[in-house]
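Asks: Chain A is fixed; fit chain B with the ligand onto it per the hints.
Chains as they are written, first to last, in our numbering: chain A, 1 to 424; chain B, 425 to 694.
Since the hints were derived computationally from the structure, they do not count as laboratory data.
Some chain A residues flagged as far from chain B (calculated, every beta-carbon gap over 12 Å): (1) Ala211; (2) Asp293; (3) Ala391.
Calculated lysine-lysine pairs in the BS3-like style (CA-CA distance at most 27 Å, straight line): (4) B:Lys675 to B:Lys540; (5) A:Lys183 to A:Lys249; (6) A:Lys371 to B:Lys536; (7) A:Lys371 to B:Lys540; (8) B:Lys536 to B:Lys518; (9) B:Lys518 to B:Lys540.
Because the structure is a prediction, the values reported are computed rather than measured.
Ideal Cβ positions, reconstructed from N, Cα and C, are used throughout, including at glycine.
Each chain is listed here by its residues.
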Amino acid sequence: MDVIEKLAVLGDAARFDVACTSSGSERSASSGAGVGSTVAGGICHTWTDDGRCISLLKVLLTNHCDYDCAYCRNRSSNDVPRAAFRPEELAMLTIEFYRRNYIEGLFLSSGVVRDADHTMGLMIETLRLLREVHLFRGYVHVKVIPGASPEAVERIGRLADRVSVNVELPSTRSLLSLAPQKKPADIEAPMAYIADRRSANREELVRYRGAPTFAPAGQSTQLIVGATPDRDVQILRLSKNLYSRFDMKRVFFSAYIPTNAHPLLPALTSAPPLLREHRLYQADWLMRFYRFDVEEIVDSGSPDLDLDLDPKSAWAMRHLDRFPVDVNRADYETLLRVPGIGVLSAQRVVAARRLGRLRTEDLRPLGIVMKRARFFLTAAGRYAAERIPQAAELRVLLADKCGQKGYAPFQLRIEDLPVVAEGA
Amino acid sequence: MFLRYDDTFEGFLTAAAACLRSDGAASVLRPGAQIPLLPVQVVETEEGFADRLGSYLSTRLGPEVPGTVYQAWLSLVPGIEDAIVAFLRLGLAKRRDPSGFLQEPSVGAVVKASRKVTAEAHFFLGVVRFRLRGSVYLSEIEPAVDVLPLIGDHFAQRFHDQSFAIHDLRRGRAIVHPAEGRWEIVDVAPEEAGNDRDGETVGDGTDDCASTVWNPPARPDPYEAMWKRYFQAMAIEERFNPTCQRSFLPKKYWRHLVEEPGSSDRRVPG
Ligand code: SF4
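This is chain A alone, in the form it adopts within the complex (with noise of 0.2 Å):
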């Protein structure tokens, strides 16, 4: 098979992947052999005729595997086209691809062949030829398999930007019964050796600025929504724990598509759930860097987000005795707290304050979403709405266009297409 054929089955194999966001570490080539740097902000280099933005060129070393997921399309089960790269052959077409410019450097996965470290041992094969025979230095993202040992997560991690390892199924139970190669353990031991392995860099770092990296994009991991009977609030405190028992750089959500037939996972003709997988990044985001507590944002009592409303607007509608607040003695935090307000149009009120009291409309040119954040806020003694709503007519008009298209591009914008995963 050509290389040309193996990109086209290996590319399709991996595109329902999420994750593809290329940034969190700077590296610079000014200095020293070899090509390629990294970008904190992340680059996008086209857009898929469905509107999603490539940044890595994402593959599969091979979509042959051993396992046997319920959930996946390349389980050995399943008859698919397959193909492998050689590790040279991928080497190449990666860094032909990003002397072009196609792309910010490269995101593989990879079926499991034989055991975890025959895998990883193909997989650090291809990074070393890259890092070492060609000097790459762009962007290099890849999925550990569950149950690599230590030594080959410490050789992807040296060679690695980024590294993860899928957690998939949000519970045991849901893992053991969909996933039977794959036990617990073999998801959380790399995990854990890849944090306390970054922490003990950032020490290393720290004492000598040239010691090697390991992982210097940190890791993520991606949980899928929908396959299971998996609630909000069991998905939610898994993530938190994740972040901080792993120190995560993030946790990927992705809407569930049905591939297969199987008796424990919805019809084929289900709808991937994509507007749940939307509030669950809005959470995630509430709890990353609007300060909320998960318990805040669900609980036992109410296990599930709301899908008409985003759960920050969901929250202060289980708190209207909070509001209004006045935009100009509110704190910082406060005003994260305000729907419609986010962490740099709060940012603008507070640099803005400093010229003068804000008047009502002073705001929207500071980036504040008015259509909601005016049933919240007072300025210069006036509150920024006609009038009150009651709290019945409020929830109508907090309700973003997204519950009504049934559907929210909002982080095929951040982070690629919300699908089930392929490989690992």
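Replies: For chain B with the ligand alone, kept in the frame of chain A given last:
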């Protein structure tokens, strides 16, 4: 009073400084601008003035200010000159970077214009496509504003071992970077650019980067076909969404891409 400058950034800063020194009744005009019926004074550009003013603004108002002003100026938004003068006047009065005072119309205009330019430059970090001609990597772009001064460092850092050129067809200028060398912006005369397809050389012929420039390739680059194929394989046909795609990647930029957006439905089944 109206001050006219010579279309260089340096000239603009000289005029802007003259305005700032006066009491504020002056207005700065770009060369192409409509000539008002009032007296126009032509400002003589002071050499080296941009650097001096830049470091003054940077220490007085903050390190971001010279960049913001430069980017806003590049936007070509009508009337941006006067907005920049008002922006700087406010900053000097408050002794801080005025960018935070977005409730002021001049600040809003400057920040918006500078963001428009940096967004365009960032976009081109991604959509520049190099075509390999001999040992030189060539790219042709048609950005809405002049992005070359803003993207040169990025490409020179990333591809410092490559000889490359990025040719802005709309403005007849190109970034030229010899391998392991320094990049610069050169004018590409329209006649030379017009000769592109005839295999004429650009530059004086001694430049490493110019010798093989614009020659048509002897045979097609296999990696271009691979990229096209990969691009098509990545689209999910059930979700074709040209509107969404075009909001990120406007059709006017498709011409110089290798991957042929919109082509995924023609793909050969893998
Ligand atoms: S999820 Fe990974 S391990 Fe499981 S079948 Fe698919 S490729 Fe194989």
